[in-house]
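K.L.:
Listed below are the residues making up each chain.
Number of protein chains: 4
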Amino acid sequence: MRIPPGVDVPLTPRVRRLIDTAAFRRMAQISQLGLVSLVYPAANHTRQEHSLGVFLAAIEYLDRLAFDKRFTAAVTPQDAELLLAAALLHDVGHWPFGHPIEDLHLLQFPSHEEFAHRFIVAGEVADVLADDWNLDPAEVAALVAGDAHNGARRILRSLLSGPIDVDKIDYLMRDSLHAGVPYGRHFDRRRLVGSLCLNEAGDGLAITDKGKTAAEMMVFARYVMFSEVYWHHAVRAATAMLQRAFFLLRDVLDPDDLLMMTERPMIEELLAAAAEGPAGELLDGIFGPKRRLYKRLAQYSYFEEPDVYHRLARRPYTEQVQFAERIAATLAGALGRKVAAHEVLVDAPPTELEVDFDIEVFFPKRETYRRLGDISPVVRTLAQEQFDDYVKRVRVFVHPRIVVDARQVSDVNRRLAETIAGT
Amino acid sequence: MRIPPGVDVPLTPRVRRLIDTAAFRRMAQISQLGLVSLVYPAANHTRQEHSLGVFLAAIEYLDRLAFDKRFTAAVTPQDAELLLAAALLHDVGHWPFGHPIEDLHLLQFPSHEEFAHRFIVAGEVADVLADDWNLDPAEVAALVAGDAHNGARRILRSLLSGPIDVDKIDYLMRDSLHAGVPYGRHFDRRRLVGSLCLNEAGDGLAITDKGKTAAEMMVFARYVMFSEVYWHHAVRAATAMLQRAFFLLRDVLDPDDLLMMTERPMIEELLAAAAEGPAGELLDGIFGPKRRLYKRLAQYSYFEEPDVYHRLARRPYTEQVQFAERIAATLAGALGRKVAAHEVLVDAPPTELEVDFDIEVFFPKRETYRRLGDISPVVRTLAQEQFDDYVKRVRVFVHPRIVVDARQVSDVNRRLAETIAGT
Amino acid sequence: MRIPPGVDVPLTPRVRRLIDTAAFRRMAQISQLGLVSLVYPAANHTRQEHSLGVFLAAIEYLDRLAFDKRFTAAVTPQDAELLLAAALLHDVGHWPFGHPIEDLHLLQFPSHEEFAHRFIVAGEVADVLADDWNLDPAEVAALVAGDAHNGARRILRSLLSGPIDVDKIDYLMRDSLHAGVPYGRHFDRRRLVGSLCLNEAGDGLAITDKGKTAAEMMVFARYVMFSEVYWHHAVRAATAMLQRAFFLLRDVLDPDDLLMMTERPMIEELLAAAAEGPAGELLDGIFGPKRRLYKRLAQYSYFEEPDVYHRLARRPYTEQVQFAERIAATLAGALGRKVAAHEVLVDAPPTELEVDFDIEVFFPKRETYRRLGDISPVVRTLAQEQFDDYVKRVRVFVHPRIVVDARQVSDVNRRLAETIAGT
Amino acid sequence: MRIPPGVDVPLTPRVRRLIDTAAFRRMAQISQLGLVSLVYPAANHTRQEHSLGVFLAAIEYLDRLAFDKRFTAAVTPQDAELLLAAALLHDVGHWPFGHPIEDLHLLQFPSHEEFAHRFIVAGEVADVLADDWNLDPAEVAALVAGDAHNGARRILRSLLSGPIDVDKIDYLMRDSLHAGVPYGRHFDRRRLVGSLCLNEAGDGLAITDKGKTAAEMMVFARYVMFSEVYWHHAVRAATAMLQRAFFLLRDVLDPDDLLMMTERPMIEELLAAAAEGPAGELLDGIFGPKRRLYKRLAQYSYFEEPDVYHRLARRPYTEQVQFAERIAATLAGALGRKVAAHEVLVDAPPTELEVDFDIEVFFPKRETYRRLGDISPVVRTLAQEQFDDYVKRVRVFVHPRIVVDARQVSDVNRRLAETIAGT
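Chains as they are written, first to last, in my numbering: chain A, 1 to 423; chain B, 1 to 423; chain C, 1 to 423; chain D, 1 to 423.
None of these hints come from the bench; they were simulated from the model. Every value quoted in this text rests on a predicted model; they were computed, and no experiment measured them. C-beta: ideal position from N, C-alpha, C; glycine also. Treat the hints with caution; some may be incorrect.
[What the hints assert, rightly or not] Just the calculated beta-carbon pair ranges, DEER-fashion:
#1 A:S410 - D:P10: 30 to 38 Å
#2 B:R64 - A:D307: 38 to 46 Å
#3 B:P5 - D:T208: 20 to 28 Å
#4 B:P5 - A:D136: 41 to 49 Å
#5 D:P10 - C:L271: 27 to 35 Å
[What the hints assert, rightly or not] Computed, partial: chain B to chain A, Cβ under 8 Å:
#6 D20
#7 R25
#8 A28
#9 Y40
#10 Q48
#11 E49
#12 L52
#13 L56
#14 V181
#15 G285
#16 P289
#17 R291
#18 H310
#19 R311
#20 A313
[Said to hold, decoys possible] Here are some chain A residues the structure puts well away from chain C; computed CB gaps all over 10 Å:
#21 W231
#22 P364
#23 R407
#24 R414
Full structure from sequences and hints, please.
P.N.:
This is the structure in structure tokens:
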């Protein structure tokens, strides 16, 4: 079975049986990038395709690490099979628009890694894992969910989720390819994989010095993908619209039903639940026959407007809604007309930081390990604690029907800043 | 707005308004390749993306032909704008799974080019064309539908639909890129477009001798795409399943409703109409949670089994069903058990031939025009009347639950051949 | 060590020692395509780079064939090492402008495969092969020279030189890449290599049906490379000029000295030997400060002018010179002025045919072997005996100072044809 | 005429005449990267190919800037033609191994930009410029040499030599492509060129905010190319060897003769001048039949060993030689044997800094110009004054015959540091 960029997924019978399960095929109806296709119309690839790509990456990593004696001493062939199954199934618990919904931190909604549990430990997938793969489904689910109770598991976990894991190495490339941008491809994957080794503690992935530049390139690729794609202002406008609608509907939606759905049915369900209300207007602008995204009224960066930025970034979602409501009131006053609460949205970096991109670099000649951030100015700049602050802006979006007038409110920037400051 | 492979669609306001119409955005919910994604799981690109690509190709063709005096004498700037609008809208009448359904030639179902009429001549699209493009919507619809009542229109029509039209030059590349195969890319598009000119009669597209090799490469690319993708045996199995289900349901479906639908709703509609019957079983194997495609029992090529091939190829669909029923009866007899009619499918080249790929080649030094097929052995082999026969096989598919036994029927090939021969 | 398109040559110590020999490094001063860079100015890659690429291809082929039980039964690990060494050294006997010079069939000049012997069986290379590779240098030289005295050697030989050998799979790609053309890349090398197996007789390379399309693509890629690059008319003009100059100088050149030279020194040597005479004028037009290539006066193809074509194609070089002299006399008469013998050149397909591209295709389900030409119309058209006739034209070139007048000779085509026919 | 990556150079008659001059064709015998091919064996592309690429880039830049009203108000069509001619000829004064030789700052050797003068203002090139291009050859030479006596010339100069000039945009891509590395390609050239505009002062190139990410990518691409290719340690070893040999021979070489030579003759001339002496040994290790590069004994970076670094970086070449001699003496003492002066080389960043990569970014909505370094953390890190310090290390190389012993000198690092510190 072939997937871009021209690679063949080796379909042994047990792989075939796993990817033919309903749980796996469900991912064929969930797009990888969700609302990004409103801005990059070709970005319609699915979690199914990505999962196959992650499986291939896992094979590639294991092929390389098979030459590493410390790795083979710690990780048994059975462990390696566990990783392969987890690679195929790592996103099986994802529901449509997963990240925007998770970022709301609604109590009744689980994380997608935990949610994977329900697809893995019972039913068809569990049967295939037990019968054909000779694996304990609970172990696969635990690895996917992040459990790492011993050294080998910690190594596997770092392959599955870490600075240079099999997930990122696939999605940066795949998202770029389908979207039609060069940003996340071309980071010399071959060189990077060829340099994989274990870290000094022996419980996680590291690279040798041969892979240093390739790792810097991957850090940079990720930075550009966030700047130009994942946190593109129009993508964020749509995201903020969906989040507010979902927030408004949170008590009428049934998580158990909803999160099992594929993309189109979930959209239908949301539209039905929202009906004519504010949530309906928000959803119609994204999913209705006419594209009608909210527009930027203001934008704040960590560097240029640190005060406003810190006031809004990393707050619980309910606070962001309150800020938006206060801004709506300010605009209503200035414009001398009603501004509905849902006509103003605040979008800001969520409470969780992206994964730290720093890893250890092994210098065989000197037999020392150094942190990548200590030896690379690019990584120090981009990949450490400030990454989120660089690429994730705070933005105020308003409904297109008020944006022209709102922009002409005299001294609008000062008024917004004061409103946000609460003075 | 960026689409693969890294090109920017120039979004002037009038283009923006056209692509923001509901009719255009509907194409974002219809995949370009339909059932192909069952075999090439990454091939999920949409008719919307393709339409943007065709628009870009039309700009590229016009930019080149602006240097051709015969072209600019015949085609006015207004004509060129008509072409651009038609390029954007050429697929607006497509419904999901368009080609398989059209190939059934059901009386109550129109062609998608005619169907485009209803999206273009009235409503939002018509308003944008009239107000922003200063074009007569009826003219755009006529060009899309194939009407070419004078010389300029014939030229435009040959750009829109012909051996090297803006449609093919986009879809060969785009289908390859998203599917992850090299076959339809890399035919030196730059060289081909750089060689465009008018034919000897002055009423259609031709190429100069500089583009001869690029044209041969495009013919070959198309051949490989048909062999490996469009007529891949498993794609055809799924296609045959959908066609039979649609045929069975033909009297309970309402074309007016159905053809306006996007992909997911149409699938839901078909599943609902089919319920538990034979059509339901066929559709469930394609669209249900478990992939369960029919299997090849026999395959006949033009070259190796010409008798059987000609008996089945290019027949009306109803005859194909009758052949399948006779084969089902034969198998039932041989197996000593019931074989339902819908458990056997015959798939064969449809009645229409693919467009002839032959075009004129202009030799400026000698000031002569020659037919490409006369000067290129590859084109003579591949692009003329026999193209369909090379890449489109006749196949007999059976339900997976009988395939093992059916293959073990003694002398099964002879029995099938006799059944088909009617002896 | 990295070479395009982004692959790393694994430099084990024994490989390092082999490629650091003077014999191997000599190839760094010999360009792969010689005179092609007069037309494709970026095509300056060397035989050294190509040899590294062939070595990589040999590793790739062996990695695949290691899964084939018939192969591993016939070919020992020691045989495989022999192949790797021969892959690295297969062009070590090449001198600059090898093919044009070989095509003259001058008695005192050997073939480059035989000439390789002198670089391999004694001296530094021989020492490395014996000491580090544990191989008999004479065996390596024999394999390079084409000797295949038993089954295993015949298999190795078919990997090294045959329809889909490690040489072609590299040079088609590499020549395309550096020249800047898409033609010889993109034939799905991964798929082709993934389908390698042994032929029915067990003494040569074949492919399984999975590789059929990739093999067709490679045949087509080769056809396009010959049409557009290797037999480009201006490349052939330069080639004909060099051949005539070399022919004129044949008795004053010392093969023993000359063929050991790298490219620049050989050019200097030729220029020095030619001095002011006719050979000097020919060489100056190619290698002098001013580019001054001969121009086409006439061109004959197998299909359109079969009589003239067959009169000139595949003749010994001395006959071609006689034809050219007769044409010079005809032109002198028609123009009423002196036309020197060396002002007219005849270029025609050489006596040897290109290697037949036909191979066996294995169908595992049916356990049968078929010839590719029997099941592929493209291959039947392009890859069999007529390949040379399609892409290699017969051409008459004349010095630029007479071409304008010569083209205006009344009835020039008829006069040329009569001169060639000898009537 | 086609060059990689698949683009056609438009050969109008006047371009054809310019590139057929002996001065232009001389560049076909001078490689772009000189000694880099010792490490990246495929990097054999020539200054001729690069010059054609720069010409194409200049056309692309002008096509874009033709839409910029401030540009067209300042730059006349005649100015634009001047730029095109200068683009073709910008490297015409380059001699082989230009940069290493220039970095020695020998009094009798000019800069290559000044040297271009002699190829442009008289003779064949001057005739073509005057007759076919209607340009004053002196003006072309002045523009190439960096003269910018008014606003329009300053603009042209910034297109020809500046942070995002037509030279860099070509060589980063071309060097990557031929070397076989991804590093300098893929920086979204289309987006970058599409964002070109004038700076606030109106006398130089800038970009709009749409090109910000593409500019960051280009800065990063340049950083990686320096790290991995141009300042690769083995490339620098060969460079240091050549520089020392040239320095030793400086009084016996005739600049007037030498700098007119192409690459192979210059190498022959250097080898002849050096004969058996120290320079001869150095040159033989680079250009002789056996590759024998000096080895790293020590390496100092700006960040980890700032004291030693600053002691050696940016010193006149004569001082570097003195440091090397002192190190040779130290090693001789420690090893108890003679160490010749030329057996130790110090390689350090030259006195000139690379061009500053910072440019202005125009924000149309706010109508403001900002410096790229002020709004991009990556550029602040990489593209400003410290760029050289990041990628250019100070290194001590020694002859391979002493490296093993030298590395085992007890406390060798401390002794070297003390020697360099002069204590």
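K.L.:
Closest CB-CB distance from W231 of chain A to chain C, is it above 10 Å?
P.N.:
30 Å, holds
K.L.:
Starting from the range 20 to 28 Å, see whether the pair P5 of chain B and T208 of chain D falls in it by beta-carbon distance.
P.N.:
24 Å, holds
K.L.:
Please verify that hint: Y40 of chain B, Cβ, nearest Cβ of chain A, below 8 Å or not.
P.N.:
6 Å, holds
K.L.:
Hey, is P364 of chain A genuinely clear of chain C, shortest beta carbon separation above 10 Å?
P.N.:
Label holds. Min Cβ-Cβ 16 Å, cutoff 10 Å.
K.L.:
Let me know if the C-beta of V181 of chain B comes in closer than 8 Å to any C-beta of chain A, holds or violated.
P.N.:
6 Å, holds
K.L.:
So R407 of chain A supposedly isn't at the interface. Is its beta-carbon more than 10 Å from every beta-carbon in chain C?
P.N.:
Per Cβ check, R407 of chain A is outside 10 Å of chain C; nearest 48 Å; holds.
K.L.:
Does the Cβ distance between R64 of chain B and D307 of chain A fall inside 38 to 46 Å?
P.N.:
54 Å, violated
K.L.:
A closest beta-carbon separation below 8 Å is what the hint needs, so does L52 of chain B meet it against chain A?
P.N.:
7 Å, holds
K.L.:
Quick check on a hinted range of 41 to 49 Å for P5 of chain B and D136 of chain A, using CB atoms only.
P.N.:
44 Å, holds
K.L.:
Look at the Cβ atoms of S410 of chain A and P10 of chain D and judge whether their distance stays inside 30 to 38 Å.
P.N.:
With Cβ atoms ~54 Å apart, the hint is violated.
K.L.:
For the hint on R291 of chain B, does the least C-beta distance to chain A fall short of 8 Å?
P.N.:
5 Å, holds
K.L.:
Look at the Cβ atoms of P10 of chain D and L271 of chain C and judge whether their distance stays inside 27 to 35 Å.
P.N.:
33 Å, holds
Hint compliance for this structure: hints 1, 2, 13, 15, 18, 19 and 20 are not met, and every other hint is.
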